[in-house]
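Residue numbers (our numbering), protein chains in the order written: chain B, 175 to 472; chain V, 5 to 321; chain X, 471 to 1157.
Treat the hints as calculated values from the structure; they're not laboratory data. Among the hints, a few may not be true.
[What the hints assert, rightly or not] From the derived model, a few chain B residues whose C-beta atoms are all more than 12 Å from chain X: (1) W252; (2) D307; (3) Q421.
[Claimed, not checked] Simulated crosslink set (SDA-like; lysine to any residue; CA at most 25 Å straight-line): (4) B:K385 with X:E1084; (5) X:K933 with B:Q370; (6) X:K1106 with X:D1074; (7) X:K897 with B:D314.
A quick note: this is a predicted structure, and the numbers were derived from the prediction, not measured. Even for Gly, the Cβ is constructed at its ideal location relative to N, Cα and C.
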Amino acid sequence: MSSTVGPDAGPPPAAAAVPSEARTARNERLRLLLRTPTVLVGGVVLLFWVTFAILGDRITPYDPIFDQGQDVLVGPSWAHWFGTDNLGRDVFSRVLAGSRDILLVAPAATLLGTVLGTAFGLVIGYFRGVVDDVISRVIDAVLVLPVILTGLVVITALGRRSPVIVTILIGLVFAPLVARTVRAAVLAEGELDYVQAARLRGEKAPYVMFKEILPNVMPPIIVEFTVRLGYAIFAVAGLTFIGLGIQPPSPDWAVQVFEYYASIDPFWWATLFPALAIASLVIAVNLVADGVREVYER
Amino acid sequence: MLRYILKRLGLAAITLFLLSVIVFGLSQLLPGNVARAVLGQFATQEAMDSFNHQVGADRPAIVQYLDYMRGFVQGDLGLSLASEAPVWSILEPAIINSLKLAALAFVIVVPLSILGGIAAGLRADTGSDRSITIFGLSMSAMPEFVTGIILILVFTIWLGWLPVTAQWDEGAGPGTQIKHLLLPSVCLALVLFGYIARITRAGVIEAVDADYTRTAYLKGLPTHTVIRRHVLRNALLPTLAVVATQTSYLVGGLLIVEQLFNYQGIGLQIYLSAQQKDFTVLTSGLLLLGVLVLIVTLVADIVYGLLNPRIRFGSAE
Amino acid sequence: MSATADSAAPALEFEYLDVVFRVRGKDRQVLRGVNLAVGRGESYGLVGESGCGKSTAALAAVRYLARNGRVRSGAIRVAGKDVLALSASELRRLRANDVAMVYQNPGAALNPSLKIGAQVAGSFVARGVARREAGDRALEALRRVQIADPSSVLGRYPHQLSGGMQQRVIIAMALAKDPSLLILDEPTTGLDATVEAEVLDLVSQLQAELHTSVLFISHNLGVIAKMCDRVGVLYAGRLVEEGPVATVLNDPRHPYTVGLLRCIPRGGAHKDHGRLDTIPGFLPQLGAEMPGCVYADRCPLADERCVAEEPPLAEVTPGHATRCWYHELAPDLPRVMAENIALPQVSREGVPVVRFDNLGKVFKQRGHEVHALEDISSAIWPGETLGLVGESGSGKTTLARALLGIVEPTTGTIELDGTPLAPSFTKRSQDDLAALQIIFQNPDSALNRRHSVRRILLRSLEKLAGVKGAEAERRALELAERVRLSERTLTQKPVQLSGGLKQRVAIARAFVGNPSLVVCDEPTSALDVSVQAAILNLLVELQAERRVAFLFISHDLGVVRYISDRIAVLYLGRLMELGAAEVVFSGPHHPYTEALLSAVPSIDGSERERIRLEGEIPSAADPPTGCVFNTRCPRKLGAVCEQEEPPFVEVEPGHWMRCHIPIEELRRLQAAGAPPAREAVAVVPVP
């Protein structure tokens, strides 16, 4: 006879029934991420650039800013793998060191935008009604014009160009985009019964928003963050390219393109290599972002 | 359906209004320096004040706004502060040029990205799917000037197939124009490809996994019929719904691409007017762009409503 | 039927069918050596709970398996043809001509972007009919499934039709092929009782006309009893018992079947008579590894032999086979719920827990006024269960919400323990909130996926019972034990728990503050039958211990009858009848109740004569004048029913009704039998 039956047994005290893995969801996701080849490739490239962003001019063959030489605008050679620029600086060293500024500005802007956007999205998604209608309209209006245009106008108006301004600007412009995504997620989540259950035990709005709903909408927020990061790089590079973002003499890649694109013929090396560096970073970030999304949406 | 259209129109109107306030507000940040920019660094305070008075920049913001909007609606956009030419005469050719560029970009990207998305969706999780998806993904946040530089180097400088700048001579035929516009529009198209392809792919996958597709197969219909009549019809609707966001990216791309290729479009014009602090041109330029984007969005929404039976016919219950 | 089919061969045959699904690199077995045959013109029911593999079996018959599924071994034959050996075009022809399928969710099974006409015609085109002719045949097909005004339906889109109508369209498409085999996979789950009865009647009728063989898949034994000749019981992918329906249901010979039947409240079962029996343990996961008998770990009769060796399917009597070493002992299976608990009497003196008076709710929807509730008055006493019964649009959910304060009534008052209650819960005190709680239908959405069970309970204890710290920990543990959750479960998150366990957590949470009334909104509808019994028992126990009152909403009349002391019947927002459970069920009852009860298929096969209701439930935005039921009432008196709404009066002590027919007259009429059908029962699409 089975030992599960006693006089007043009923179902025995439950052992964990359904999914047998005891691992937490987070570990599972991490493992899955690390198994995806595209994520690994992207991650390696990212790591490479981050390393150089941190170590920067300490490990480049030449100093990217100050090592100015006689060989001006000379093409790629054994001495200078990527050639030299108009001040005789080694383009290879400049390219290696050029990741720092963008890797400071873009994540900071994305973080700012994500935090602000999440807060907004939570509020309008939870309260709905008039608040939602009004703010959504404003968000729609702000989003009509692309970030580069808004950036153009604001930065020119302010007259000062600094990475901090760019960071704040991009963060502010991204906030509505993030808010929209968060709002959609919060609306869906708010339909679920546990939210109702929370309100029915007297929980106040801030508690429900931040303690009940927010943990459940983290996945789309994380995905949104990684996607926005790619676009932040895009936006910072774009603004720098038209002269409004990071400024010379920084070896930032977009600055280099900004300085030399008019003379692309015949001095192609001064623009091609920085452009390729940007490309590699963008691809890397996007690959990682895609992997993160796959893992969270499974 | 009518209610849907009216609602969309209403929303568009509100958005337009808010946009005009924002744009006007933004450009109001500038005029403090207008006089200085126009008159030069050594202008006296008197000269600046009189200039500001002349152009009406010293009136309260609300009055300026209303005045401006009245003019805008009537088609009178005022005079450029930098050149005193009518704003419209500056913007009109620029807009037309940009429209040509944008149109070419759309013509290139829409069919390719939709086909790409369908191919990826139907072969989900296979090699071709991964390639298309990764390609689209990589391109979607790639700054246009990066792709631009590479394309220029390859096709113009090294291969010499296409012209360097996007300027053609007067009276050039459409063929020549397209040749000049090809590189910049490809740059724009690449950015848009990724997102459209991804949405289409998602729509296809959802439709393929749907119950109604199963019904179609179990009726004994051949695969091509099922894909055509059942899957694609439903898969492409979400794509249409996101056209609006794409227009916004396109506009941003215009600014970069026109700069890179030195193309006299509205992006370049806005850039110049911002540099020159020419706020009449700037305000009108931004607002016109906004109007264009809103119109495209509105049309896309209405077409979506027409194609989606749930909206077109409403529900019975 | 297909000319090339072998007319002697069974319509469908599975021979030692093994189907596996590849999940994360491992093969998981979903169907284990299934052997069954559906004879010509026969109706075979396949029954089982979730995860048993019945849907996979249905789809395997037409070789439509998910991308990661495959047939590992065995054979599938339809009308003698080897399905697995067919080429792609032959398979298509099989699907177009020989086998038809009707699905669970008819709305999702129809293409939302194509008109009905195009979709139905598609079935004909697939058979090679010319497009022009296919249109006419489509019209004909809709007429055959008794859709009135078929030409208007042809021009509509799926979302413009009701659930019942959509299912009719699917049936029309299925029968368009004149198939030799019709497979129905839970075709009426999710439909209202009266609509379900209509659809089932239609299927029976058409089956009789066309002599189609039917494979009917369901978890609902009552439906199987009504519709099928033979039945097979599936557990963990294995066929454990098979035989004629009456035999298997009345004389089951497998411990699982016995257990299953005991879980279901049958006949006039009521909680006063005893608790429902339950099946200990848990349903196996899809594709779990199982040497030996698949049921061994839950079976009271199991021993080492059962664990080690799988019993073969052996005949008990001709035609009745079972897969058990000890099948002779099965009928006397020891009961799990041996003792009965004493249920205290409900006293209706004194102050009721909840009293509501003239409750009404009007919603504004796109310019229409929707009368979701109208003139609802009653009371619920401590320790009693008021069952709430009604179909879609009846207002039962709105009533529950109004009591809880989620929805503010337009008219009327609510009193809790004698004192008026604020209409919106945001204005109620914490004590009031603790006193009125709810258990939701869907255990997945009722608990926050990110919070551990412990956190859920502790937080509720803090807010509703005002306890924190060590005291709260103690109480949480106590509650968990009370609802039979192990201490380990406290540390887990909802996603790690089964449906039944999650519902227990939800129940524990509701009881944290010692509520006076708990609204149970379809608490067991999303659970399997065997799990349901345990939850119902738990609720009854808690009621006995704490004298809590329940407002029990369910569409399952057997469950409602079991657990309720009194029952209220709602139709289109009005109370039609209210009385003691027995009285409402045995009569004399309101004509609507009468029709509703006749629509529910019972396991015992004791058929009430079916009363068919004409038409569909009217829209609440535009209710009929007079008595709202008059448009469909089979016992309509005449003009008075159309002009005057009958008041809700006490026709006998404790029995209230809203009908113009006096109760004695009803008693006489209903004793005489079912009323004659009003007209040809054609279903009119709502414009």
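The hints, checked one at a time:
no.: 1; hint: W252; result: holds, 50 Å
no.: 2; hint: D307; result: holds, 17 Å
no.: 3; hint: Q421; result: holds, 45 Å
no.: 4; hint: B:K385 with X:E1084; result: violated, 50 Å
no.: 5; hint: X:K933 with B:Q370; result: holds, 14 Å
no.: 6; hint: X:K1106 with X:D1074; result: violated, 31 Å
no.: 7; hint: X:K897 with B:D314; result: violated, 35 Å
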